[in-house]
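Enquirer: Take a look at the letters that make up each chain.
Number of protein chains: 2
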Amino acid sequence: MSSPDTPLDLTIDGGALTARLVDFPSVSGNEKALADAVENALRAYPHLTVDRHGNNIVARTQLGRAERVVLAGHLDTVPIAGNVPSRVDGDLLWGCGTSDMKSGVAVQLRLAATLPEPNRDLTFVFYDCEEVEAFRNGLGVLVQAHPEWLAADFAVLMEPSGGVVEGGCQGSLRCDIVLRGTRAHSARSWLGDNAIHKAAELLRRLSVYEPRRVVIDGLEYREGMNATRIEGGVAGNVIPDECRVHVNFRYAPDRTVEEAEAHLRSVFEGYDLDLVDVSPGALPGLSQPAARDFVAAIGGEPRAKFGWTDVARFSALGVPAVNYGPGDPNLAHKVDEHVSLTAIAEAEERLRAWLS
Amino acid sequence: MSSPDTPLDLTIDGGALTARLVDFPSVSGNEKALADAVENALRAYPHLTVDRHGNNIVARTQLGRAERVVLAGHLDTVPIAGNVPSRVDGDLLWGCGTSDMKSGVAVQLRLAATLPEPNRDLTFVFYDCEEVEAFRNGLGVLVQAHPEWLAADFAVLMEPSGGVVEGGCQGSLRCDIVLRGTRAHSARSWLGDNAIHKAAELLRRLSVYEPRRVVIDGLEYREGMNATRIEGGVAGNVIPDECRVHVNFRYAPDRTVEEAEAHLRSVFEGYDLDLVDVSPGALPGLSQPAARDFVAAIGGEPRAKFGWTDVARFSALGVPAVNYGPGDPNLAHKVDEHVSLTAIAEAEERLRAWLS
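So the protein lines, in turn, are chains A and B. In terms of UniProt numbering, the first sequence has 280 at position 280, counting the first letter as 1, and numbering is strictly consecutive. In terms of UniProt numbering, the second sequence has 98 at position 98, counting the first letter as 1, and numbering is strictly consecutive.
Calculated directly from the structure, the hints in this document are not laboratory data. A virtual CB, placed ideally from N, CA and C, is assigned to each residue, including glycine. There could be a bad hint or two in this list.
What the hints assert, rightly or not - Selected chain B positions facing chain A (in silico; Cβ < 10 Å):
no. : residue
1   : 33
2   : 37
3   : 204
4   : 209
5   : 233
6   : 331
Unchecked claim - Covered, in the sense of this in silico footprint (three residues per stretch, anywhere, with C-beta under 8 Å from a C-beta of chain A), are these stretches of chain B:
no. : region
7   : 188-195
8   : 305-314
Stated by the list, open to error - Pairs of lysine to aspartate or glutamate, EDC-like flavour, derived with a Cα cap of 20 Å:
no. : chain 1 : residue 1 : chain 2 : residue 2
9   : B       : 198       : A       : 201
10  : B       : 198       : A       : 176
11  : B       : 198       : A       : 231
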């Protein structure tokens, strides 16, 4: 195995390249060495224009094609847990970031290096700090600093999706609802006003709430509204003066943030809501020509993406986006993370077919 | 001011004696020096039989009277907070334990020393560790080790009651109810089963619960059933698999523990209850002859005691008991704890009138 100091060779096969990337430790906040290697490798190809902002690299073809598509992936991983360097065993490559998402990055790099004349203009985005607080997210930083670098008709985020196209993503709102009462000794409870008891009606509304299902571009999205935390109480013998309920509303991407918030507030009419997280959804955009061709090239049945992903950042720029990558999402962040070498080759082959 | 080593003089007035007792630090677990002083002072009086178990002292007259009454008080205090030694300012004596309850102990000691021929046989109980965990409580230790020392027709616990007779005490049951569900990512909530939402029905029952009021021996007791704690949740984006509700049922002393538990279980029919505290109530016993005379001698309107006190330990022995003491219950455990010297003198005077 070559040392991390050896320049990246983008002509080796996707599995071998994934192993090279895994052997470049790049835990969030420590992506510089890998970003340098990616930048240097891409600058060797005259058909690419390469830009850099921090540890975020954007490489573009400038062929004047009718459509432009983005292939995006993050360079960072969760902290290493004794699972680097990588290790091959049969068809499986083991190690931190194999599924999430250095296999996807390897496919991006392979396509960037080996498709000098794609049928669509291509924008390859490599970014940092996806696994940490949202404000550090490199794609979010690029959206603010250089939105023109990200302009496109369609985007593919190469997060692990098990080789299935996952369209768009649902939005997420989180709020706190604080119920207030009056403290008293529980032996004289009539002198107090029990804040926990006031949660009864609020939880009733949640327990009878019928979440909506909606089909968008042929994908069914299923919403959900849930109390994910509740806490109240002072001591075993005190009538509690406060009870705090944390509610998470996951909503289909046909609602805007404003519409989702209005719906949440209508469910909790009569309560004060304190919004603590507001994340827009992303429409799958599968009716776009580039997307239709993409789905046909990848094959299989696209499905809706429920969890929030960075595709929403493209959606906010007006770029429809899907998730598609060779990794297994169920293995992300696990000590025994691995990826199928066959899946890496298949992803590259299908994307190449779409773009050739 | 005399040093703690000087023997206790039980002939000085109640306020001065209270000050002496306050100047004997006796935080729970450190009552030995004060218990020694109390024992030695009482042994000087030939009309008293004095027994000791640990730091618990019991002094009795043996006059063959038709009735026997107990005057009981604890020797310990909560931790000192810069409020010892005591300090007199006008009618107020300041210091740790002035109200809770060295003023009551001083009245006990004064009566023990100066009533060689009471109209009822008297049992004076001084015990340790009332302010800490129930299993260390000296009165509870005596109940187990020497119940015959506590035999009586009526008992007065001299805890601070603001000079008002407080009859009996309510019982208390505490239980945990754990609601269980299935964990899932909140973006795919239909794969889970929200344990917090299951608290809706349980809290509804509590919020509509109509607590009983009942008059016993002319005193009105008011029950209460309350959730005093609730907690559930794993993370803001996880459907919670557990929600724990802590319920406290305060019940009037006409219910036995078994009856109170059966009632609690009937309210929460369909749920599993885990009882974590079971404390019986105490009947006021104001229809007893000794109690009737006591109430007449003290004057004022007796009221029900709601909070649990050691009177329940007498009740469990078949001895009706009331709370009556010169201290102010609202000052107990406070840094600015104090007591009225007039109130100490009045309590002694009224008890003396009852017992003469």
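Enquirer: Does each hint hold? Answer for all of them.
Expert: Comparing the hints with the structure gives:
1. Against a cut-off of 10 Å between C-beta atoms, the interface hint on residue 33 of chain B is violated, since the closest Cβ of chain A lies about 32 Å away.
2. Among the interface hints, the one on residue 37 of chain B is violated; its C-beta lies about 34 Å from the nearest C-beta in chain A, farther than the 10 Å criterion.
3. Against a cut-off of 10 Å between C-beta atoms, the interface hint on residue 204 of chain B holds, since the closest Cβ of chain A lies about 4 Å away.
4. For residue 209 of chain B, the interface hint holds, the least distance from its beta-carbon to any beta-carbon of chain A being 9 Å, beneath 10 Å.
5. The interface hint given for residue 233 of chain B is met, as the beta carbon of that residue sits about 3 Å from the closest beta carbon of chain A, less than 10 Å.
6. A least Cβ separation of about 15 Å between residue 331 of chain B and chain A goes past the 10 Å threshold, and the interface hint is therefore violated.
7. A count of 4 residues in the region 188-195 of chain B with a Cβ less than 8 Å from any Cβ of chain A is obtained; the coverage claim is therefore met, three being the minimum.
8. Remark: the region 305-314 of chain B is confirmed as covered by chain A, as 3 of its residues place a Cβ nearer than 8 Å to a Cβ of that chain, reaching the required three.
9. With a C-alpha separation of about 12 Å, the suggested pairing of residue 198 of chain B with residue 201 of chain A holds against the 20 Å cut-off.
10. Under the criterion of a C-alpha separation no larger than 20 Å, the hint pairing residue 198 of chain B with residue 176 of chain A is consistent with the structure, at around 19 Å.
11. Between the alpha carbons of residue 198 of chain B and residue 231 of chain A the distance comes to roughly 15 Å, so the proposed pair stays at or under 20 Å and holds.
Of the numbered hints listed earlier, those contradicted by the structure are 1, 2, 6.
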